[in-house]
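Protein chains in written order, with our numbering: chain V, 110 to 456; chain E, 8 to 475.
Each hint should be verified, as a subset may be incorrect.
Some chain E residues near chain V, calculated using beta-carbon distances under 8 Å [what the hints assert, rightly or not]:
1. L66
2. A70
3. V73
4. I77
5. V78
6. M85
7. R92
8. A103
9. L107
10. F110
11. R126
12. R173
13. I177
14. P416
15. T422
16. V429
Covered stretches of chain E, as calculated for chain V (at least 3 residues, CB under 8 Å) [what the hints assert, rightly or not]:
17. 95-102
18. 115-121
19. 432-445
I should point out that these hints are in silico values taken from the structure, not numbers from a laboratory.
The beta carbon of each residue, even a glycine, is placed where N, CA and C say it ideally should be.
Take a look at the letters that make up each chain.
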Amino acid sequence: MSLQNLWFTLIAVLWCGYFLLEGFDFGVGVLLHLVGRDEAERGLMLRAIGPVWDGNEVWLLVAGGATFAAFPQWYATLFSGFYLALLLILVALIVRVLAIEYRNKEADPLWRRRWDLAHTASAAVPALLWGVAFGNIVRGVPIDAAHNYTGSFFTLLNPYALLGGLTTLSVFTLHGAVFLALKTDGELRDRARKAVLLLGPAAAVFAVVFLSWTQIHQGTAATGVTAVLAALFVLGGLYATWKDRDGWAFVGTGAAIVAATATLFIALHPDVMPSSTSAAFSLTVANASSSHYTLTVMSWVALAFTPLVLLYQGWTYWVFRARITGRDALPPRPAGSPATEPLRPAA
Amino acid sequence: MDALAIARWQFGITTVYHFLFVPLTIGLSFLTAGLQTAWLRTGKERYLRATKFWGRLFLINFALGVATGIVQEFQFGMAWSEYSRFVGDVFGAPLAIEGLLAFFLESTFLGLWIFGWDRLPRRIHLACIWIVGIGTTLSAYFILAANAWMQHPVGFVLDPVTHTARLTSIWAVLTNSTALVAFAHTIAAAFLTAGMLMVAVAAWHLRRDQHADTMRPSLRVGLWTSLAACALAALTGDIDGKIMTEQQPMKMAAAEALYHSAQPASFSLFTIGSLNGQSEVWSLRLPGLLSFLATGSFHGQVQGIDNVQAAEVAKYGPGTYTPVIPVTYWSFRLMIGFGLLAALVALAGLWLTRRGRTPAPTRRWFYRAAVWSLLLAPIASSFGWIFTEMGRQPWSVFGVLATRQSVSPTVGAGTVLTSLIVLTLLYAALAVIEVGLMTRTARHGPDDPPGPADPAEPEAEPQLGFAY
Chain V
110 MSLQNLWFTL
120 IAVLWCGYFL
130 LEGFDFGVGV
140 LLHLVGRDEA
150 ERGLMLRAIG
160 PVWDGNEVWL
170 LVAGGATFAA
180 FPQWYATLFS
190 GFYLALLLIL
200 VALIVRVLAI
210 EYRNKEADPL
220 WRRRWDLAHT
230 ASAAVPALLW
240 GVAFGNIVRG
250 VPIDAAHNYT
260 GSFFTLLNPY
270 ALLGGLTTLS
280 VFTLHGAVFL
290 ALKTDGELRD
300 RARKAVLLLG
310 PAAAVFAVVF
320 LSWTQIHQGT
330 AATGVTAVLA
340 ALFVLGGLYA
350 TWKDRDGWAF
360 VGTGAAIVAA
370 TATLFIALHP
380 DVMPSSTSAA
390 FSLTVANASS
400 SHYTLTVMSW
410 VALAFTPLVL
420 LYQGWTYWVF
430 RARITGRDAL
440 PPRPAGSPAT
450 EPLRPAA
Chain E
8 MDALAIARWQ
18 FGITTVYHFL
28 FVPLTIGLSF
38 LTAGLQTAWL
48 RTGKERYLRA
58 TKFWGRLFLI
68 NFALGVATGI
78 VQEFQFGMAW
88 SEYSRFVGDV
98 FGAPLAIEGL
108 LAFFLESTFL
118 GLWIFGWDRL
128 PRRIHLACIW
138 IVGIGTTLSA
148 YFILAANAWM
158 QHPVGFVLDP
168 VTHTARLTSI
178 WAVLTNSTAL
188 VAFAHTIAAA
198 FLTAGMLMVA
208 VAAWHLRRDQ
218 HADTMRPSLR
228 VGLWTSLAAC
238 ALAALTGDID
248 GKIMTEQQPM
258 KMAAAEALYH
268 SAQPASFSLF
278 TIGSLNGQSE
288 VWSLRLPGLL
298 SFLATGSFHG
308 QVQGIDNVQA
318 AEVAKYGPGT
328 YTPVIPVTYW
338 SFRLMIGFGL
348 LAALVALAGL
358 WLTRRGRTPA
368 PTRRWFYRAA
378 VWSLLLAPIA
388 SSFGWIFTEM
398 GRQPWSVFGV
408 LATRQSVSPT
418 VGAGTVLTSL
428 IVLTLLYAAL
438 AVIEVGLMTR
448 TARHGPDDPP
458 GPADPAEPEA
468 EPQLGFAY
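Between the sequences and the hints, there should be enough to build the whole structure, so can you do that?
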C-alpha cells in the first residue's frame, strides 16, 4: 500500500473512531430531555459521558490535524469550501463543551436547565451536519481547476446530503440510547431501552436508504459488503437490546457506525473530494497529498504513539466501566441555600 | 473592509482570546499537581482542600481553553486556505503530532483525574494530574514549533513544481532556535499567569481573614512561582530578542520605531508624538539599552527600519516590508512593562509575607494591588503575541509567503464577516459566563475542614460536586 493510501485509510479510521465514540456523546445530548425526566436524571446521564467525552472529541481534532498534514489540499478545499457549515459546527461544539463542563458548577436549577437545553441543541447540530458534510464530500461538490469550492452554503443542502444528515443524527441518537441502556440502571435504563426500540427502526430505515443511494451512485463490491454489514449490525444491536444484552447492543450499533463510515470512505477512494464540475478537477489521494518525506515522518509518529493512545483510552473505559446508579446522584440542593453557591461534595 | 482584513481581525481576536485560557491551564495544572503531591507526602488535609479548590478553578478555565482551541485548528483551512495549501507539508505535521501526543493525553487523563478520586489508587490518581500538565506542555511545544516556523522558516525547500513549501527535515523544524526560546518564554508566562491568579485569590481571602490555613500557603506558592516565572521570562525574552534581531531585523527596529540604524541605540520608555519617524515631540530614553537587547552589547549597532526596508526590497523585490509601527512599538513596551510590574508585586508580596508574616487586613493597598495583579500576566501575554505576530507582517511565513497571499480566495468578505461577528459575540457571552463562574467559585473559597464530629475520610466522599 502506498503511503498516500495508508494515510487515506488512517484518516478514515480516525473518522470511524470519532463517530463511534463522539456519536454516543451526541446521542446522550440529544436524548437528555427525552430519557431524563428531571434535573437529577439528566445529571446521571451526563455522568455517563463525563469522564470520556473530551477524549472522544480529540479524535476529531486529530482527524483534522492529520488531514492538514497528510492532505493539505483536501484540508484547504474542504474547510474553506464548507465555511459556514463548519462555523455552525464550531459554535455548537463550543457551546456543548461548556454545557457539559459548566452545568454542575452551580446549584441553581435555572442555570442547569439552560445548559441542558443548550446541550441538546449543540449535540443535535453537529450530529446532523457531519452527515450533511460527508454526504457532500462523497457525492462531489463544485470545485474549479484551482481546487477551490465554487458553490454556496445552500449547494450543500441537497437531498442526498440531507438524508446523510438525518442518518447520522438518528444513528448517533440510537447509539446514545444504547450507551445509556448499558451505563445506567433502574427507570433510566428502562426508558433508554424503550428509546432504542422506538428509534431503532427509524435509524435503520434512514441508514438503509442512504447507503443504498450511495451504493447505486458510486458503489463497488466492497461498499456493498460494508453497507450490508452496517445494516445487519444495526439490526443485531436492536435484537440484543430486545434480548436485554446491553453490551452486545452497544457492540452492534458501534460496529454499524464503523461499517457505514467505512462504506463512505471506500466509495470516495481514490478521490478525497470529487468535483461535480469536472472529474479532471477532483482532488485525489495522489494530487492532494503531502510529500513522501512528510508522510514517512507522520507514519513513524503514528506507529509509535497510536498504540499508546488506544491503550490508555481503553484503560479509561475500563476504570469507568461500572453502571451509573442513583447512588451517584448529585446531592439535593439544601433548601434556602443561595442559588449561586457552587456545589460541594456531600460529606 | 475586504476579506483579508476581516480574516486578520478574526484570527487576531480568536487567537488572543484563546491564549487568555491556555497559560492558566498550563501553569495551574502543575501548581494543582504540586499541591496534591504535598497532600500525599505530608498527609496534611489542608493541602487536599487547596488541591480541590485550585482544581475547580483550573477546570472552569480548562473548558474554555478546549472550546476555543477547536476554532484555531479549523480556521487555517476555513479563512486561510492558500496558506494551508502552501505550508501544509511542513506546518501540518506539528499540528497533527500535537493532537496525537498532547490532546489525547491531557483530555483522557483529565477525565481520569476528575472522576477518579475514589476509583484510582492515590498515587495513580496523582500521576493523572501530572500527566495532564505534561500534556498541556507538549501541546505548547508543538504549536510553538509550528508558529516558530512562520517566524523563522527552516527545514524546507520551495517545490519548483507545486510552488509550495516542502519539508526536508522535521528535526530542523522541531529544534528551530525560535521554537525553543519561544517555548521557554511561553511556559514562563504560563507560570506567571497561574502564580498571579493564586496571589490574587489568596489575597482576597486573607484580607477577609478567612481560609488562612489554605490561602496563606497558596499565597506564598503563588508569589514564588510568579517571581521565578518573571526571571525566566526576562531571561528567555532577552535571548529571544537577540535571535529575533538576527532572524527578523525589521521586527526589532519596529519594536523601537528606530528609523535609522544607530550605534549605540537607546531604548525609549515612551514617546510623545507620532511614530512615523518624523516628529518626535518628547521621549524618555535609556541610552544603549536597545543595543543591549538586540546584540548583548551596549555599543552594538541596531538596524533601522529604513535600512532594513531597503535591504528587503533588494532581496524580495519592490514592496513595503514594514509592519504597523505604533502597534509594534507600544505592544513591545506594554508586554515588558506589565511583566515587570508583576515582578514588583511578587517581590513586594514576598517581603511582606517573609518568615511567617501575614500583612494585616488594614494594609489595603497591598491587598488591592495583589487582587488586581491578576490581570498583569494576561495583558503582558496578549501584547507579546500582538507584538510578535504584527511585527512579522506583511509576511505570514517570514520571507516566504505574504499574508495577503494566504487568505482563502473564494471565501467572500460577507462570509468571513459573518463568522467574525458570530464568534466575537459568542466569545463575549462566554467571557461574561466564565468570569462570573470563576469569581463566584474563587470567592466561595475552599471547603471548610471536616469538623471533629465528622471524621469522614476525604477520599471516601463522593466527588461529584467537585466536578460534575
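Status of the hints after comparison with the structure:
1. L66: Result: holds, 7 Å to nearest chain V Cβ.
2. A70: Since chain V brings a Cβ to about 4 Å from E/A70, closer than 8 Å, the hint holds.
3. V73: holds (6 Å)
4. I77: Where the cut-off is 8 Å and the nearest Cβ of chain V is about 6 Å from E/I77, the hint holds.
5. V78: holds (6 Å)
6. M85: holds (5 Å)
7. R92: The hint holds - E/R92 has a Cβ within 8 Å of chain V, the shortest such distance being about 5 Å.
8. A103: Hint holds; E/A103 Cβ to chain V Cβ min 4 Å, cut 8 Å.
9. L107: Where the cut-off is 8 Å and the nearest Cβ of chain V is about 5 Å from E/L107, the hint holds.
10. F110: Since chain V brings a Cβ to about 4 Å from E/F110, closer than 8 Å, the hint holds.
11. R126: holds (6 Å)
12. R173: With Cβ-Cβ at 5 Å, under 8 Å, it holds.
13. I177: holds (5 Å)
14. P416: holds (6 Å)
15. T422: holds (6 Å)
16. V429: holds (6 Å)
17. 95-102: holds (count 7)
18. 115-121: holds (count 6)
19. 432-445: That given contact holds, which follows from 4 residues of the stretch 432-445 of chain E lying within Cβ reach (below 8 Å) of chain V.
In terms of the numbered hints stated before, the structure departs from none.
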